[in-house]
Amino acid sequence: MENGNVLEALSDALAEAADTAGRSTVLVDARRRMPASGVLIDPQTVLTADHVVEREDDLRILLPGGEGDTAVLVGRDPGTDLAVLRLENATGVPATPQDGAPRVGEIVLALGRPSDSGIQASLGVVSAIGGGIRRGRRHPGKKPAHSTGEQFIRTDAIPYPGFSGGPLVHASGRIVGLNTSGLVRGISLAIPYGRALQVAAALSEHGSVRRGYLGIRSQLAPLSEGFQAALDREQPTGLLVIWVEDGAAAAKGGLIVGDILVGFDGEQVSDHEELQRSILGTEVGQTIDLEVLRGGEPVTMSMVVGERPD
Amino acid sequence: MQSGKAMFVQPSDLSELLAGVLPAVVAILDRGKGLGAGFVWKQEGLILTNSHVARRKKLEISFSNGRSEEAIVLARDADIDLAVLKISPADVPPLQTADFSQLRPGQLAIAVGHPFGQRNHLTIGVLSAIGQARINEKSDNGFPVIRTDLVLLPGNSGGPLLDARGRVLGVNTMVVGGDQGFAVPAYLADRLLEPVVDGHARRRV
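Taken in sequence, the protein lines are chains E and G. Numbers in the numbering used here are just positions in the first sequence, counted from 1, shifted up by 6. Numbers in the numbering used here are just positions in the second sequence, counted from 1, shifted up by 6.
Bear in mind the hints are in silico, worked out from the structure with no lab data behind them. Misleading hints may appear alongside valid ones.
Non-contacting residues of chain G with respect to chain E, defined by C-beta distances greater than 10 Å in every case (computed) [claimed, not checked]: (1) 79; (2) 112; (3) 113; (4) 124; (5) 126; (6) 135; (7) 137; (8) 186.
Okay, the calculated beta carbon distance ranges per label pair [as the list claims (entries may be wrong)]: (9) 212(E) - 123(G): 57 to 63 Å; (10) 149(G) - 134(E): 53 to 59 Å; (11) 134(E) - 97(G): 48 to 54 Å; (12) 134(E) - 137(G): 58 to 64 Å; (13) 61(G) - 37(E): 38 to 44 Å; (14) 138(G) - 92(E): 52 to 58 Å.
Values in this document were obtained by computation on a predicted structure and should not be read as measured data. Backbone N, C-alpha and C fix where the C-beta goes; we use that ideal spot for every residue, glycine too.
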């Protein structure tokens, strides 16, 4: 790059990123309105947003090279707003995931392929990473995303019509997330790509996603210096168990109301988000160790993770 | 760019770009009232802007250094919303033009204009796509437009859409749905210029 400045380098990198990730971004025609987008996670598997798949047959995919094909629905998960489709004949170039978790402030491009005239792009940054957002009555009858404990990437990139199911891309061209819920109260949401791939694997294997469940309700509780001394670590808060569901995983494992939950499989648990994340990382049927304070003394108890009821 | 290498956009990169193009960016006024933006284009003394900004035969051109000139409308084409104006002291060099065939979705796109009368406002985003548009319902053919994710406001009309080197991609033209900026590729204005250079202005309204 001769006489180049950083602005030109950034511009070239973004165009290159759109081109690279665009080669794995397909058009998904599975609803009455305009088509949406999807990402190839392997040569024949397309990951897209659940809400753009309005019918279960006659699913049409347009590949970046212009080749068209039909696809079959493998599985769908409204909780993360993801669906997996499989191409019947054609093959494409799978996307490259970005290593590590997305970081707040990173420059990203939202991409979409809602028409046959090429890849489309929109610029933004990762604004926040956090729990889902209440969708109010916009999707009556659908389980709101916030209740599943899933983490979302929020960006200020404008999701144009048909960008749902398309990738959120790092300046390197690697994929950071999948654009899912579109515009919810002015905020655009994407599911972190690593989690999206986990869901895709579960959908490919079982056709649905089984989420771990303990069967407790808890509230944030400060830990006194005495409690922290008993734990032999600095941890200002834990979760006070205020309800245990009869017959569910936690009850079977011996957890009782009044216990203060402070650890999960060796990881510190100091708020609800950390607990949600820990549970999300487990499989139904897996044995885990909970660390609790009972009467001021640390106790570790094992239990088998149950399945979250619908 | 090598991936993984940290990159920082210095504030000076954008301000240098702005400083480089500002002498050629103008505000277009009618009896002191701001109508939009424009820029020196193709040759000294020629101003390119939107057709809907240049509805009067004579307009006032205000440069960023405070200088004011009177301009006449040489040619207008409402179908593509472009107009070419002429001013007599031809001493400001035109902006460079980017090669339209080299445009890529994702590349930076920078608009300079006067939204709500704020002079020389810079907005940065990316090129979303090359699309087709038809401004005049009566015209037969659509024409290519540059779609960006820039939020354009009244006063951006007629101003330049630039690439990262400060070269003109197009003329910022209108806002559709509030969140998508449209620009008419600057090369389309060549068809207005052809009659101009041999001395016969074409007026289409």
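Structure-based check of all given hints:
Residue 79(G), annotated as away from the interface, keeps every beta carbon of chain E farther than 10 Å; the closest lies near 34 Å. Its closest Cβ contact with chain E, about 3 Å, brings residue 112(G) to no more than 10 Å, contrary to its assignment away from the interface. Look at residue 113(G): its CB is around 4 Å from the nearest CB on chain E, not clear of 10 Å, so calling it non-interface is violated. Even its closest Cβ contact with chain E, about 22 Å, leaves residue 124(G) beyond 10 Å, as expected for a residue assigned away from the interface.
For residue 126(G), the requirement that its beta carbon stay farther than 10 Å from each beta carbon of chain E is met, with the minimum near 18 Å. The claim that residue 135(G) is not at the interface with chain E is violated, since a C-beta of that chain comes within 10 Å of its own (minimum 4 Å). The Cβ of residue 137(G) sits about 7 Å from the closest Cβ of chain E, inside the 10 Å cut-off, so the non-interface label is violated. Not every CB of chain E is more than 10 Å from the CB of residue 186(G) (nearest about 7 Å), against its label as outside the interface.
At roughly 60 Å, the beta-carbon separation of residue 212(E) and residue 123(G) lies within the given 57 to 63 Å, and the hint holds. Separation of residue 149(G) from residue 134(E) is about 40 Å and departs from the stated range, judged on CB atoms against 53 to 59 Å. At about 51 Å, the beta-carbon gap between residue 134(E) and residue 97(G) stays in the expected band of 48 to 54 Å. One distance hint, 58 to 64 Å for the beta-carbon pair residue 134(E) and residue 137(G), is violated here, with the actual separation near 31 Å.
In this structure the hint that residue 61(G) and residue 37(E) lie 38 to 44 Å apart at CB holds, the actual value being about 43 Å. Look at residue 138(G) against residue 92(E): about 33 Å separates their beta carbons, and that is not inside 52 to 58 Å.
The structure does not agree with the numbered hints 2, 3, 6, 7, 8, 10, 12 and 14 stated previously, though it agrees with the rest.
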